[in-house]
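Participant: One-letter residues, chain by chain:
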Amino acid sequence: MAAILEIDDINGGLLLQISGLGGASLMNCYQCQKCTSGCPVASRADLKPHEVVRLMQMDQWETVLSSRFIWECTSCHTCGTRCPQEVDIASLNDALRVKSRASARVIPDTAVPVLNEIFLSAIRKRGRVHELSLMAAFKLRTMRLFADFNKVPMMISKRKLPFLGPRIGHRREREAMFLRAQRGER
Amino acid sequence: MSYVFFPGCSLDGTAKDFHVSTMAVASKLGLDIPELKDWICCGSTAAHSSDPLLADALPAKNLSMAEGRTVAVACASCYSRLKMANSHIASDAAVRAKVAAVIGSDYDGQTPVLHFLELLCRDVGRSRIAEAVRRPLSGLKVACYYGCLLSRPPGITKFDDAENPMLMDQLIETIGATPVDWPHKTECCGASYSISDTSIVLQLSNEILSMAKAAGVDCIATACPLCQLNLDMRQKDVEAEYSKSYNLPVFYFTQLLGLALGCSAGELSLRSMVVAPQPVLSRLGLPV
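Here the protein sequences come in this chain order: L and F. Sequential numbering from 1 applies to the first sequence in the working numbering. Sequential numbering from 1 applies to the second sequence in the working numbering.
Worth double-checking, as some hints may not be accurate.
Claimed, not checked - Straight-line C-alpha distance at most 30 Å; calculated DSSO-like pairs for lysine-lysine:
#1 L:Lys158 to F:Lys158
#2 L:Lys139 to L:Lys99
#3 F:Lys37 to L:Lys125
#4 F:Lys158 to L:Lys151
#5 L:Lys34 to F:Lys213
#6 L:Lys48 to F:Lys37
#7 F:Lys37 to L:Lys34
#8 L:Lys158 to F:Lys236
To be verified - Which bits of chain L does chain F cover? Going by a derived footprint, with three or more residues having C-beta under 8 Å, they are:
#9 53-64
#10 100-106
#11 118-132
#12 153-160
#13 171-182
Read the hints as simulated data drawn from the structure, not as lab findings. Just so it is clear, CB atoms sit at the ideal spot from N, CA and C, and this is done for glycine as well.
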């Protein structure tokens, strides 16, 4: 069962509180490094999964929240699947990403949070994500105007990029739902 | 069993061919899978990495509209998000209450969710599929690539063995092709970093393509829009970055199944594939 990890007050002692059924405490980690052995991005990241857990155990949250690793983790769940202590590192990373943004510690040169933001605002407006609009908005925000430019005509000819987005209505209802979600977070 | 189909956003765009071929296969097998009316995006990676409540609420909104039917999913990411939300909501009353407050109705987390592979192998059954085969894909060597989210986390998806899933291999065998044993069945392709951090995708997809090539296959079969997109559309970029030559067609498993069931290339949208499948298919005397 996945643990739901909530980071407590950022200045308060042990950072993590774990709720949810069967989720193991980060304190159960004994640094066997099985997570890191199977992690697809461990070889390129500034921190490795077992180091993230160790740093959290030692209350070194600043290093973790400003790490590149949390934005390079692909959420593939190999770490937690193989962990003999059932520490759910992928879900931990989700909580760390939220806190990294909230405390303005996101590394400067990642575009991942920008894409997430554009993606969620697309759902809010349209209900579904229209990939062509999503990519256009992302390129404008990050000024990566020419990345993959050569792929656009090819994808259109292969009917992978319809020009028109879906229209499903219910926008007001959805807007209210997103507002309630924002309130629910607090 | 009564089903309702949740396509997800990719199946209306970059994975249109997955959508088309899934419906073509369903029709050949006499399955009735109407689309869930007014479905909305599951939230995908963007929601779970930035807003845990929304990440449960968006799937819950969809699942609460299924009216007791089993929700069939083709996209591995949608599948993962719907199952995660079910698990969180069914196991934690506080999460259930918070989600209810957001979506405006109480949802219990009990709507069954099945991936189309599970539906085919478990509900329809391999013997019924074997009977429907019109053109066995004899001689086609296939690397079945499952990616991350079907089999992990195993406690939540309950899909198959987490390290060595076999459902797709069994299906491929049923239609007369030869699934190979290879080590990268469940390795990650880099998924949504395709847009936001492409270098990760090039590195990981290169490892998968090189392992498939080393296993001597004719093609790769996928069950996820992002896996297919990364291995197919980015294959040329991977080859350029790592000075390799793969030239491996990357099918959705539904396209291969559809070919065996007698669907035409058009019905399966084979022209949407970037790495051309024609050389491999014409060698086997299949329609291109």
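Participant: Could you run down the list of hints and mark each one as holding or not?
Facilitator: Hint check:
Between Lys158 (chain L) and Lys158 (chain F) the CA atoms are separated by roughly 35 Å; this puts the pair beyond 30 Å, and the hint is violated. For the hint pairing Lys139 (chain L) with Lys99 (chain L), the CA-to-CA distance comes to about 25 Å; that is within 30 Å, so the pair holds. For the proposed pair Lys37 (chain F) and Lys125 (chain L), the alpha carbon gap of about 18 Å is at most 30 Å, so the pair holds. Pair hint Lys158 (chain F) plus Lys151 (chain L) does not hold up; C-alpha atoms about 37 Å apart against a cutoff of 30 Å.
Between Lys34 (chain L) and Lys213 (chain F) the alpha-carbon distance is near 27 Å, which keeps this suggested pair within the 30 Å criterion. Between Lys48 (chain L) and Lys37 (chain F), the direct Cα distance comes to roughly 43 Å. Violation of the 30 Å bound is thereby established for this hinted pair. Straight-line distance between C-alpha atoms of Lys37 (chain F) and Lys34 (chain L) comes to about 44 Å, which puts the hinted pair past the 30 Å bound. Of the supplied pair hints, the one linking Lys158 (chain L) and Lys236 (chain F) holds, its CA atoms being roughly 16 Å apart against a limit of 30 Å.
Chain F is given as covering the segment 53-64 of chain L, and this is violated because 0 residues of the stretch bring a CB closer than 8 Å to a CB of that chain, at least three being needed. Under the rule that three or more residues need a Cβ within less than 8 Å of chain F, the assignment of the segment 100-106 of chain L is violated, with 1 such residues. Here's how the segment 118-132 of chain L fares: 10 of its residues keep a CB closer than 8 Å to some CB of chain F, so the rule of at least three is met and the hint holds. Counting residues of the segment 153-160 of chain L whose CB lies closer than 8 Å to any CB of chain F gives 5, which reaches the minimum of 3, so the coverage claim holds.
For the segment 171-182 of chain L, the assignment as covered by chain F holds, since 5 residues bring a beta-carbon within under 8 Å of that chain's beta-carbons and 3 suffice.
Violation of the numbered hints given earlier is confined to hints 1, 4, 6, 7, 9, 10; the remaining hints are satisfied by the structure.
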